[in-house]
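With the hints as a guide, dock the two chains, each given alone in a separate frame, to form the complex.
Taken in sequence, the protein lines are chains C and F. The working numbering applies: residue 2 is where the first sequence begins, and numbers increase by one. The working numbering applies: residue 367 is where the second sequence begins, and numbers increase by one.
By construction, these hints were calculated from the structure, which means they are not laboratory data. Beta carbons: idealized from backbone N, C-alpha and C, even for Gly. Watch out, some of these pointers could steer you wrong.
Stated by the list, open to error - If you anchor each label on the Cβ, the simulated ranges turn out as follows:
#	chain 1	residue 1	chain 2	residue 2	range
1	C	GLY449	F	ALA485	15 to 25 Å
2	C	THR605	F	TYR372	48 to 58 Å
3	F	GLN479	C	SER457	45 to 55 Å
To be verified - Some chain F residues flagged as far from chain C (calculated, every beta-carbon gap over 10 Å):
#	residue
4	THR374
5	ASP377
6	GLY378
7	CYS379
8	ASP394
9	THR396
10	ARG399
11	TYR401
12	PRO419
13	HIS420
14	ASN421
15	VAL440
16	ARG442
17	GLU489
18	PHE497
19	LYS521
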Amino acid sequence: MSYKTIIEDDIDVLIAGAGLGGTGAAFEARYWGKDKKIVIAEKANIDRSGAVAQGLYAINCYMGTRFGENNPEDHVRYARMDLMGMVREDLAFDMARHVDSAVHQFEEWGLPLMRDPKKGTYMREGRWQIMIHGESYKPIVAEAAKKSADKVFNRICVTHLLMDDAKENRIAGAVGFNVRTGNYHVFKSKTVICGAGGASNIFKPRSVGEGAGRVWYAPWSSGSAYGLMIEAGAKMTQMENRIVLARFKDGYGPVGAYFLHLKTYTQNGLGEEYESKWFPKLTEMVGKEYLDTEGQHLSHKPIPTCLRNHAFISEVNAGRGPIHMVTMEAFQDPHLEEIGWHNFLGMTVGQAVLWAATDVDPKYENPELTTSEPYVMGSHATGCGAWCSGPEDVSPEEYYWGYNRMTTVEGLFGAGDAVGGTPHAFSSGSFTEGRLAAKAACKYIDDGKAQGIRVSDQQIQDLKTKIYKPLDTYKVYSNEVVGGTVNPNFINPRQGLDRLQKLMDEYCGGFGVNYMTNEKLLQIGLKKMKLLEEDMEKIAARDIHELLRAWELNHRVRTSESVFQHTLFRKETRWPGYYYRGDAMKLDDKDWHVLTVSHRNRKTGEYTMEKAPLYHLVDEA
Amino acid sequence: MPTFVYMTRCDGCGHCVDICPSDIMHIDKTLRRAYNIEPNMCWECYSCVKACPHNAIDVRGYADFAPLGHSVRVQRDEEKGTIAWRIKFRNGKKDMDLLAPITTKPWGKFIPQLADEAAPSKEMRDSELLFNEPKYVRMDEGGLHTLKSNGLKLKAGVYY
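With the rest of the complex left out, here is chain F (with noise of 0.2 Å):
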């Protein structure tokens, strides 16, 4: 469903214009308020609806085969780390919240900075491992799978 901007709630921050994936949140120069310059190549991600801060952008199902009259709006808290759906139907007969987490960790705060790692020994970059490897591959002291660890050979031809 193609994305599209009240105008009384839209104050132009471009927020929108920010995050929108496909480059099709625009601001209009006259009116100073954000627009979806491209319905046809609008992906109905939400990202636009969820980044702006007025719940000023709704979306309309497309025209091709949705019938008018429905509503989805999303609600996206990253401090709260949540996100609240509410869906309602044409005929007024389902009315559903649904509510869902995001993340588990303060936003940022558990990803490694790798420059501050200790700088990986000559004997690991010369071998297969990625970082935090063999550990993170099964949490555990195992090492990486080879073929020859898993007995395995690679042959030409046709085998299934």
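Just chain C, with the same shape it has in the complex (with noise of 0.2 Å):
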């Protein structure tokens, strides 16, 4: 192999991963770290990379107790209701008090938020979003991390973690290849804050062909946050609990502005308000603590988006589709409709090219819906991610462990989508997050923990090896057939995913069964998992762009299995609109109010499944 070795040694704080969790995670350490060697690992490049390459047109996670709007804890009780109950209360509330000084300082660094004439507060979307101009948000904070980072390694995508072999169960850095030269990387390291992305394309995309990139999440996000910390032996949680969004058809153009701020509607195909006849039926399978439609229109408790997607979800299978969403009536605002067009030019601009390609005006005609294939991910409206410690002052002593996001395996924080159970974190709560990481990962230190850390050269080597396999397997058999993709004894990255999309889609609930999946089914679908990962063994790269795939792949095989193990173990039908569990059909708070909670083993494989007790906030009295 004529790939060299470059070892990047003695790192305090590594980042696996930069987006908005990595760079916040970088820049902070910076703050409790002054000596300290701060290293990021990024595979893209951190001024473009993560969720919010593009830009955003609204920061969903703000406050504003500046403004008297709200406290932390209301915001834990919306994220509550709306993941109907399955929150770590204790991480939700930590990350909502710090959040807004992470906005402010977004501000004063050049990020433009809008602001209500009027009252001089940011203008609000809804009750927790601000809208900005956000298509420099990724930019700015990267900016940020640059000035905070020792050296920053784009191009480098991290496949496995490091582990300390004088150490059983501690983190001694990670490790990966230059996308570009293909090098090997090695980051020896007293800690990782795994900043690395959620899951888009593991469920078989709406989309076909040339199309398939036109994911709800980007495409990029590969589950790496999960591939590389199950690997490591870190306990996940809320792997179950991916998420379906009811988006604009075709395109996934974001909904938010248009409900809250636009005051946009949606209707079914004969002109119909249709949501409300379907809750007296779903208040019976979820009950009325989850979904009492008179009293939370008394209270003006937004109704749980998963129960929203049902109400979607049914009246299309009742014949009665499309789904519309009403825009002719805030359209014919000329201010409403600019902004209405800047909403996807900021995020997702592949929404105007859809309806300037298509020739839907907004204005003149309603667009269609539809439910997106699932997610699987820890930061939108979803909590799927590790299993970590909360903050000291917060946290009753199962969620607690003496370091803030540590995960199960010492020295391996979180943040963003890798944390667990802290869903509507979006964009700001992920770079706080890192926040949080950075400042526990450097006390880690302090406090001597990352003392004695050993890599054998034979861990290094041996991940060597198994890193570049796949070119490998594809030189040695590549000419064993005359020409094309088609052979015996390897498939190519694309044909993995293609396998994995398709009995991901079939077995565990995606949009090609309307969501629904039973016991019978999961296990069917974890045995052929279990072939898939044989085959992964053979997978072929021909040259290291496929080799980028490959991991990816691996990463995302890695996340599926365990959703498919956290579906299998929670015997109840959680989030209707999500996905069902056709075997138990209704919410069960009896048994499964509860938070799951999976190990896999690291030599062997095997899975082991608990529940974990949830706690909530309520008032001391």
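Here you go:
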């Protein structure tokens, strides 16, 4: 193998993946670790990487305590309600009490936040969302990360975390390869903050062919947060809690600003309001505590996102589709019309392109909506991710093991999609989580917890062999056939991805089966996953770019297996509209008002599942 | 909409290769110009379009649902701090110019160099505070919210 091994030694804080979470971590780490060596490894270029690469038109998590708008606990209660109770409320409270300080700094750095000219407050889109001109959101926060970091390694695909050979279950860095030079990079570090992303493209997408990249979450979100951490033996939580998005059809343009700010609304193909007629039956499924239409109406509590999806899906199945977004009223106001277009250009340009291509002018025509394929992630309205310690002054015993946002692997921290049980963090909350993790990581080092780490040459060499194996496989077997992509000895990353997406869709509740699964289907799915895992040993890459895709697929497969295990474990339908367990169609608070926690044995690959207690914020009295 | 590159405008400078989050803009070795090597992994994020100094990159809506004959062009100006869009419909009936700010400050100047900030005290290290806190949470003298300050506790069980 001609690729060089490049070792970066003596790192204190390694940030693996620098989207919003990772940039927050890099920025903050410098304050608490003045003399510490802070290094970023990122598979793209941090100026445009992660889910916010394209920009955002809103910051979806801002309390506004300075304007007397909300307290952190209000946000926790909102997230709890939206996720049908399943939130790590200690982590959510902690994020919410810090998040405003991140947003205020963004404004100071130059991020254009819109102001309400009358009130002087930030322009609200909804109770938690503020409107921004965020085309350069990512380049701006990347600038902050660059100022703090000692080194930024762009274009390094981190494939594995390094484990300490001196002490069981302790982190020692990470390895990966440069997607341009192909060189092998070894980062020896006392701590790692995993800022890698959640998972798009693990369920079969609705788009086909060339359009397969048109997914809601970025196609480069390859589930690496989970792939890396599960492989390191970190416990995961709420991996069954995938999210399905109701969005503008085909382009997946965002609907938040449309609903909240432009006051557009949905109707069925007959022009009727349809949501409320599904609620009585839905209340029977989930209980009055979760859907009390009368009470909710009185208290103005929003209906949980999954339940609104359920009404959407049911109405379409009843033959009264398509569901339309009624834009024709709002768009008569030229100011609102402009906002509607800016909203897409700021974060989902493709939707603007689609409407231009199909001559859909929302001023004269109500556009169609659809429900997307499911996504597995932990920063939007869902909470997949690692089981992490909370802050000392908030967390109960079961949620606390010394360092904020540290996973169950010593010295391995998470931020953004990587942290489980913290939905509704979004961009600002992910950045905040990165800051919290960075402070804790510095403390962990200062407390002497990272002493005596040893990484054997054997470990480094074994991982190198493993990483480049797909290139070797290609070299050995490609000439056995005349040409083309069909080979009896290997599959390429795209073929592997297609297989994964098909089986996730059909057995784990994708859009193709109306989000329905059950124990039998999940068992079959897991069997097929096992075979896919065997074939992953025979994945072939014809060049370095395909090697990148091969390792992304590895992370997606690892993520998917966890999703299967969690979905199998939770024997209830907790989030109708996200997925259904056909063999347990009701929400069951007696047995399942708990968080699900999994552990994959690093050596055997065996999964063990457990229930963790749910703590809720209640008034002291 | 996947990106494509106009042959006569591209000079192979590689700015798009540097910025593409999906690693799909590559230089063709024979033509020495950039092209999209994997359109089905393109998120239509426009990062490369914005980065191209020659306006050589454009997009054509995804073939699986977008008819031909539309255009969404962009000019991002870091110095002026603005982004300008032009959207043209397929039927020619709509042609929009839209302008938005991308920053309110000169690039990078107002981001603090944390290495130069005064080191945090031990008290601050042992607290729950982050850099610039508590001030930046509320921009006043108020402290950080805690369970105690807000009259809360965490209780195990079924609460809604």
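Hint-by-hint comparison with the structure:
1. Checked against the hint of 15 to 25 Å, the C-beta distance between GLY449 (chain C) and ALA485 (chain F) comes to roughly 19 Å, which is consistent with it.
2. Between THR605 (chain C) and TYR372 (chain F) the beta carbons are some 55 Å apart, a value that agrees with the proposed interval 48 to 58 Å.
3. Look at GLN479 (chain F) against SER457 (chain C): about 38 Å separates their beta carbons, and that is not inside 45 to 55 Å.
4. Look at THR374 (chain F): its CB is around 23 Å from the nearest CB on chain C, clear of 10 Å, so calling it non-interface holds up.
5. In this structure ASP377 (chain F) is separated from chain C by more than 10 Å, as the shortest Cβ-Cβ distance comes to about 20 Å.
6. Consistency note on GLY378 (chain F): stated as away from chain C, and its beta-carbon is indeed over 10 Å from all of that chain's, at 15 Å minimum.
7. Every beta carbon of chain C lies more than 10 Å from that of CYS379 (chain F), the smallest distance being close to 15 Å; the non-interface claim holds.
8. With a least CB separation of 13 Å from chain C, ASP394 (chain F) remains clear of the 10 Å interface cut-off, as annotated.
9. No Cβ of chain C comes within 10 Å of the Cβ of THR396 (chain F); the nearest lies about 16 Å off, and the non-interface call holds.
10. For ARG399 (chain F), the condition that its CB be more than 10 Å from all CB atoms of chain C holds, with the nearest at approximately 17 Å.
11. Remark: the non-interface label on TYR401 (chain F) is consistent with the geometry, its nearest Cβ contact in chain C lying 13 Å away (cut-off 10 Å).
12. Annotated as non-interface, PRO419 (chain F) keeps its C-beta farther than 10 Å from every C-beta of chain C; the closest such distance is 15 Å.
13. No beta-carbon of chain C comes within 10 Å of the beta-carbon of HIS420 (chain F); the shortest separation is about 19 Å.
14. Residue placement check: ASN421 (chain F) keeps its beta carbon more than 10 Å from all beta carbons of chain C (closest about 16 Å).
15. In this structure VAL440 (chain F) is not separated from chain C by more than 10 Å, as the shortest Cβ-Cβ distance comes to only about 8 Å.
16. Chain C draws ARG442 (chain F) into its interface by the beta-carbon criterion, the shortest separation being 7 Å against a cut-off of 10 Å.
17. The Cβ of GLU489 (chain F) sits about 13 Å from the closest Cβ of chain C, beyond the 10 Å cut-off, so the non-interface label holds.
18. With 10 Å as the threshold on Cβ separation, the claim that PHE497 (chain F) sits away from chain C is violated: the shortest Cβ distance comes to roughly 4 Å.
19. Residue-level check failed: LYS521 (chain F) sits 5 Å from the nearest beta carbon of chain C, not beyond 10 Å.
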